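Produce the complete structure using the sequences and hints provided.
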Amino acid sequence: MNPLIPIMVILPITCALLLNLIHTKERSVKILAIIVGIALPAIPLLANYGMHYFGGYSPLIDNPQMAQGLPDMITQSALNLYHPAITYSFASAQKIFVFILGLIAFLAIFTSLSEIKKASGVYAFLMFMGTAAVTAILLSDDIFNLYIFFEIAALSQVGIIIASRTEKSYETALKYLFLAAIAAPMLLLGIAFLLGLTGNVNITDIIYAINSGLVDPQNPALLMACGLIFFGWLYGSGLPPFHSIKSAVYSKALPHGAALLQAFSVFTFVGLGIIILRIFSFLPFTQVAIIVVSLLAMVLGITMALMQTDFKRMIGYLAVGELGYIGIGLGLGTALGITAGLFQAVNEAIITAFIFIGFGTILYKTGITDTNKLGGLMVENPKVALLVMLSGFAMAGVPPLNAFQSKLQLVQASITAGLPELGIIMVLLSIVTFMTFMKAFYTIYLRPKPSELEIKNKEIPRATIISLVVLLLICLILGLFPQIVTGQLEQLAQGLI
Amino acid sequence: MIIDIQLASFFTAAALIVLGLFAALFLDNLIKKVIGLAFIGDGVNLFLVTLGFKPGGIVYIFLPGMSADTFAQSASYPLPYAMVLTSIVIGASTLAVMLGIIIMLYKKHGTISSKKILDD
Numbered sequence: 067m068n069p070l071i072p073i074m075v076i077l078p079i080t081c082a083l084l085l086n087l088i089h090t091k092e093r094s095v096k097i098l099a100i101i102v103g104i105a106l107p108a109i110p111l112l113a114n115y116g117m118h119y120f121g122g123y124s125p126l127i128d129n130p131q132m133a134q135g136l137p138d139m140i141t142q143s144a145l146n147l148y149h150p151a152i153t154y155s156f157a158s159a160q161k162i163f164v165f166i167l168g169l170i171a172f173l174a175i176f177t178s179l180s181e182i183k184k185a186s187g188v189y190a191f192l193m194f195m196g197t198a199a200v201t202a203i204l205l206s207d208d209i210f211n212l213y214i215f216f217e218i219a220a221l222s223q224v225g226i227i228i229a230s231r232t233e234k235s236y237e238t239a240l241k242y243l244f245l246a247a248i249a250a251p252m253l254l255l256g257i258a259f260l261l262g263l264t265g266n267v268n269i270t271d272i273i274y275a276i277n278s279g280l281v282d283p284q285n286p287a288l289l290m291a292c293g294l295i296f297f298g299w300l301y302g303s304g305l306p307p308f309h310s311i312k313s314a315v316y317s318k319a320l321p322h323g324a325a326l327l328q329a330f331s332v333f334t335f336v337g338l339g340i341i342i343l344r345i346f347s348f349l350p351f352t353q354v355a356i357i358v359v360s361l362l363a364m365v366l367g368i369t370m371a372l373m374q375t376d377f378k379r380m381i382g383y384l385a386v387g388e389l390g391y392i393g394i395g396l397g398l399g400t401a402l403g404i405t406a407g408l409f410q411a412v413n414e415a416i417i418t419a420f421i422f423i424g425f426g427t428i429l430y431k432t433g434i435t436d437t438n439k440l441g442g443l444m445v446e447n448p449k450v451a452l453l454v455m456l457s458g459f460a461m462a463g464v465p466p467l468n469a470f471q472s473k474l475q476l477v478q479a480s481i482t483a484g485l486p487e488l489g490i491i492m493v494l495l496s497i498v499t500f501m502t503f504m505k506a507f508y509t510i511y512l513r514p515k516p517s518e519l520e521i522k523n524k525e526i527p528r529a530t531i532i533s534l535v536v537l538l539l540i541c542l543i544l545g546l547f548p549q550i551v552t553g554q555l556e557q558l559a560q561g562l563i
Numbered sequence: 553m554i555i556d557i558q559l560a561s562f563f564t565a566a567a568l569i570v571l572g573l574f575a576a577l578f579l580d581n582l583i584k585k586v587i588g589l590a591f592i593g594d595g596v597n598l599f600l601v602t603l604g605f606k607p608g609g610i611v612y613i614f615l616p617g618m619s620a621d622t623f624a625q626s627a628s629y630p631l632p633y634a635m636v637l638t639s640i641v642i643g644a645s646t647l648a649v650m651l652g653i654i655i656m657l658y659k660k661h662g663t664i665s666s667k668k669i670l671d672d
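First to last, the protein sequences are chains A and B.
563 is the number that the numbering used here gives the last residue of the first sequence; the numbers go up by one with no jumps.
672 is the number that the numbering used here gives the last residue of the second sequence; the numbers go up by one with no jumps.
Treat the hints as calculated values from the structure; they're not laboratory data.
Computed from a predicted model, the values in this text were never measured in an experiment.
Positions of the beta carbon are idealized from the N, C-alpha and C atoms, including for glycine.
Hints should not be assumed to be uniformly reliable.
[To be verified] Below, simulated DSSO-like cross-link-like pairs (lysine-lysine); rule was C-alpha separation at most 30 Å, straight line: (1) A:Lys234 <-> B:Lys584; (2) A:Lys522 <-> B:Lys660; (3) B:Lys660 <-> A:Lys183.
[Stated by the list, open to error] Which bits of chain B does chain A cover? Going by a derived footprint, with three or more residues having C-beta under 8 Å, they are: (4) 606-619; (5) 659-670.
Written out as structure tokens, the structure reads:
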């Protein structure tokens, strides 16, 4: 047992509850949020790999003391291998995902505390709660536990939108919650089918039951479970047909909130995507379905981004489009493809946070998100403009930044998998992403400043600039030394094929 | 006869889900939509409860004097019930948040028509 594994979930939840209790005490909120925020990325770095069993014990095969005296019908059957507890699994891939999620959460909270004039304990509470929920989705090997945190993540996201208090935030929050109230029960119904077939909700045990012939792999109920869980995955990640509401969610949140919300989507996408691949990869259409949905997300997300005049909505659509790249990698089903897809997930979470916080400086300075009303901001703060430009370059996959490496690997993977068409589409859509970003950058920073444009805040908070520099450094490091991450992710990819 | 009860229960669960989906997608009144969404959750919960049903089974509590064999053969599977309890709690929380938002929207718009509030 490794005590740091449950701490990754318990600490942000405890902090969230405390923040809710002391939400009126601004100074205490700031101190607590910063301390726990720093701990979030530190814990996965310190934790050893292993398993943690909540409310139960390890399988009998690893637990001879417990097995002693039990009848043969238990010790000589599959029950000997089953996990009679809620199991959390922490390996090299989880280490990277939880670290990146924790880092983005910290930077988002750090930025929000400096940009919001009166620190809101409730806002920080929601950010920590969402982070805890998505961390649990990444760690949990129990599909029902995953469903619980899937719901908590949805509620936290709704809360972040409402707490942002932007125009029409309540309307968007209600729409998102309505869809959650359909998608989450569908996910639960899928889990119920799996439970009915295998008698288990532990993912490893479900896979064992299917692979060892305890369950007929052609059972229609298994196909039904696959479809329902797939539907929940589409909702949680914001893939079509949920791409529009997801981008609306990002656009209604404050930029630091949106930076964290998109990280929730990316890691929910990865967490549930891996589970779908683990359980259902024997079905011939699973990978095809993932590729089709991912292609749709890429094409719809990026082309719709091109048409937006609200820069928050534009980034929202770009973020949805970038999810498609991850899906293509997972859908290819080869070790290189899955590694590249997971690497792209790490990169996308970082880059989109970078872009949201970067563009957030424009909202902070002017209070405007409509690009038609903006212009000439380069002279106001050229250093921040440079950082924002680099964030866009990173998303488009310009070398030597990180997405260049992951997108290159994805193109290579699609060619080696015999699907070069996918590689061509990915390259073309990267060019469109670059064009979309440059169009917005020109409108906001380079064209003459409109006479009616008023600058509300002259100085950008130092915390925001520090966050941008940290994110840029990570983009550079991962762009120059991708093996830091890919080496770790490869182990998971090998396990999946 | 007991199997019929299980079958009837499955059909009821399916009917609740379909009815809930219809209400959530096609009704205009936000409160009616929420009731529909609650139906979907209830249908799934009923499906789970029905999964754990064992004809002639007993509650999963090892009472004094009960033999291990009797317990092993007769006790129903407790996992679905534990899951349903959790699911009910989560469903109630989601419902509360939805109704809270609807109250706020009613104060703002003076109506609970989804067409008037949610259509951009």
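So, going through the hints one by one against the coordinates:
{"no.": "1", "hint": "A:Lys234 <-> B:Lys584", "result": "22 Å, holds"}
{"no.": "2", "hint": "A:Lys522 <-> B:Lys660", "result": "28 Å, holds"}
{"no.": "3", "hint": "B:Lys660 <-> A:Lys183", "result": "26 Å, holds"}
{"no.": "4", "hint": "606-619", "result": "violated (count 0)"}
{"no.": "5", "hint": "659-670", "result": "holds (count 3)"}
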